[in-house]
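Novice: For reference, the chains in residue letters:
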Amino acid sequence: MNLRKAEEKLFNILMRIAACIIFGSLFAISFTILVKGIPNMSWDMISKTPSGGFYLGKEGGILNAIIGSFYLAIGATIFALILTIPMVIYMNVYASPNSRLSNIVRLCLDIMFGIPSIVYGAFGFVLMLFLGLKVSLLAGIVVVGLLILPIIARTMDEVMRNAPKELKDASFSLGATKWETAFKVMVRQSLPGLATAALLGFGRAIGDAASVIFTAGFTDNIPHSINDPVATLPLAIFFQLSSPIAEVRERAYAAALILTIIIFGISLLSRYLIKKYSKHTV
Amino acid sequence: MEQNIPHISIRNLNMKYGNNHALKDINIDIPNKKVTAIIGPSGCGKTTLLKTFNRLIENVDGTDIQGEVLVDGENIYAKNADVPNIRKKMGLLSQRPMPLPMSIFDNIAFGMRIHGERKKNVLKEKVEYYLQQASLWEEVKDRLNQPAARLSIGQQQRLCLARGLAVEPEIILGDEPTSALDPISTKHIETKFTELKEKYTIVMVTHILRQAKRIADYVVFMYLGEIIEHGPTLEVLNNPKHKLTQEYVGGVIS
Amino acid sequence: MEIQSAIPNTAISQNTTSVNTSPHNKNDRGRRRFAFDKFMERVVKIFSFFSPLLLILIIAGLVIKSIPVLQENSLSDLLLGSNFKPFTGDFGLLPFILSTVYVTVISIVIAIPLSILTAIYLSEYAGKAFLKFAAPMLDILSGIPSVIYGIWGVLVVVPFIRDYVGPWMGIETTGYSILSGGIVLAIMVFPVIIQIVFEVMRIVPNELREATLSLGATKWESIRKVIIKKASPGIIAACILGFSRAFGETIAVLMVVGNMVQIPHNILDAGYPIPSLIANNYGEMMSIPMYDSVLMFAALVLLVIVLIFNVYSRWVLNRLEKKLN
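Residue numbers (the numbering used here), protein chains in the order written: chain A, 1 to 282; chain B, 283 to 536; chain C, 537 to 861.
Looking at chain A on its own, in the form it has when it is part of the complex:
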């Protein structure tokens, strides 16, 4: 009896220690980013591009990376949405439940979800060789779009699958075709969930570095066309952090803070959407 109680006590203590270590380290990360980032935030930082080179130039800010990241992430999200929405509609409206194609698609999406982003980057490089693309915003959008495709598709699929079955039946019995059911009923019903999925993909797109290193390149300028190379926040952090010049490293800290704030904003927004969403479902 005493042994049993002792075991319970022991594990209780172990659990508390584990929770302390984990939340302590996670808290320490947030703290470090804030402490390093806040002193380096200035209007110049977010309104100017670096001058004298991102690696050596002491002047300027990281506007190139902020704008570039948004261009790239928005582009990639739209690209991925164009590919995933028909897929998800097919699986949830047209295909019979447990159709073989749907199962294969889901399996492939799950597998692709597990593929590391550096592999997408390498594949992007192969793709660019085949298509004759240069390192550019376009190439970045394509590769990051493919990277976030499985996340967006699987999340949307879950949302649509959880839409009440009666809704589909009701729409059919009113004489709507499948297409009308898909767009006028199913998509509208699951819109907040679909938006959350898109946000999730966007967050992943804006934070990924390994897949853009080959494909989007890096530049001190804001891209003027889709064929220009583009700078992104993660790469701005990565490159500038290794600079020997303190002012350049400060740009990296500022970029890290901005990236964290963006991710924080996305998280808040999707929490808000989910809350609103659950208000409308019974």
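Derived by calculation from the structure, the hints in this document are not laboratory data.
Warning: the hint list may mix true and false statements.
[Claimed, not checked] Cβ pair distances, simulated, as ranges:
| no. | chain 1 | residue 1 | chain 2 | residue 2 | range |
| --- | --- | --- | --- | --- | --- |
| 1 | A | P164 | B | S324 | 24 to 32 Å |
| 2 | A | E158 | B | N301 | 33 to 41 Å |
| 3 | C | D699 | A | L3 | 39 to 47 Å |
| 4 | A | L3 | B | V534 | 52 to 60 Å |
| 5 | B | S461 | A | I261 | 48 to 56 Å |
[Claimed, not checked] From the derived model, a few chain B residues whose C-beta atoms are all more than 12 Å from chain C:
| no. | residue |
| --- | --- |
| 6 | E340 |
| 7 | Y359 |
| 8 | F392 |
| 9 | A431 |
Using N, Cα and C, we set each Cβ at its ideal position, and we do this for glycine too.
Since chain A is already given, all that's left is putting chains B and C on it; use the hints.
Specialist: Structure of chains B and C alone, referenced to chain A:
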């Protein structure tokens, strides 16, 4: 209940769940080695009351319990009470049978192992004995190593009964133990209960009046967290004194 | 006519003009809707083929680009050779493969026990107030890009290893080491594993807890012997996801692992995992013969390991779920 020593005595029990006063001034004695049925409309606090008997109710967030529950004269809500041992005294049958995620054999042996029984042949013997007690042995003796989840719902409930008996409790608590079962399995369980009251005190929650009539010696009628009336089954159900009981027995409220 | 009669007639506009409600127009409109629906079915179906196609393309693309290096070197030389000198055409990838394995194993050894213990604490013991703070924090941190974890690694973990762990172990180190990589990775996968384990523990029905407790089990016994068992497929899935996250992670590791081509002899040695190799050398890829092919082959190795692991873990999970149900 004059001829019996009470097995469980409840004194001034109040339970609040947030702002919801779920149990109000409960005072009752549960007689030894009899079947007591707690009846009442759904949401009246029957299950809540049952779960205060073995302190399972504490696992629900935000509950505030005051008063005493005496089992064999010992207050189980005392500060230094040995909760696992108190619970060991009471077997529980839930609404939905809940086999543990392991084999049929291990389901029965689980409790015995926890309480220190290690010898294989003893375990084997006891598993057989308790499966027979729950009249399940014949059906499962050739597949003791299969997952318990593969049994039918009715068999699962009898498995849960055997599992509960195997830790040698004094009391059996049933929370509408037949509500998920088919008529034949229900009959099995009911027959078992009437046999088991030779050795055990049985308390069951039920919303089926006829079931209470069939197997209970005593009934407790609850309404909105209060005990309205209690006494020997036939007395309460045939000649209810309180107006609410009359309405419930007459089918006006349910 | 058969087709037309199958078309529902409810979508006709309720216009007042007699022309619009004539039977001829009804059928015409219905037929168009029907044809459009059939057309769209085909379109969305074609899009659905895209996901298997993409998977095949990724594999095929990397295989095709790996062929040149495979023609020059044997597979065993590539995978088991430890001599890596691109200029002389020696492409032994063993240092990279071992570095990847070491870093991943360290991260998993740290992350899995701590995460599972924390998840159990959150789902079974923690109060509501703590959950209210912990859940959003985990949610946000699981979305934080790896480069942020990398910064923290450079600023905190690397100096810590250099100034404290190294001297304590009696080994001189720059701090840029496979241990640093493992620690940073572990912290990255904490939120991922905790969130999933927490969810699956929450799904375990409360009655099961009550059933075990009513047999006289202590709370910890009910968790260890029953709840964890019931949740085990989900817990394993969480660990697998954590593993594959850690295995392919690039930037955060690249920043702290030291990137020296050598087989690490202890955990304070610098290592050079495969993702870092690929990401670090893209610049020279086209200027050294065969270098691009080697890097694509390295990516293929990474992909194949992930695929094998994925398939194997699916098989394990299926078996486990069958056993439980």
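Novice: All hints are to be evaluated individually against the structure, with a verdict given for each.
Specialist: Evaluated hints:
At about 25 Å, the CB distance of A/P164 to B/S324 agrees with the hint of 24 to 32 Å. At roughly 36 Å, the beta carbons of A/E158 and B/N301 sit within the given window of 33 to 41 Å. At about 42 Å, the CB distance of C/D699 to A/L3 agrees with the hint of 39 to 47 Å. For A/L3 and B/V534, the Cβ-Cβ distance of about 56 Å falls inside the hinted range of 52 to 60 Å, so the restraint holds.
Taking 48 to 56 Å as the suggested C-beta distance range, the pair B/S461 and A/I261 conforms, at roughly 53 Å. For B/E340, the requirement that its beta carbon stay farther than 12 Å from each beta carbon of chain C is not met, with the minimum near 10 Å. Here B/Y359 stays apart from chain C, with its beta-carbon at least about 16 Å from theirs, past the 12 Å limit. Some Cβ of chain C comes within 12 Å of the Cβ of B/F392; the nearest lies about 7 Å off, and the non-interface call is violated.
Not every C-beta of chain C lies more than 12 Å from that of B/A431, the closest at about 5 Å, which undercuts listing it as non-interface.
Violation of the numbered hints given earlier is confined to hints 6, 8, 9; the remaining hints are satisfied by the structure.
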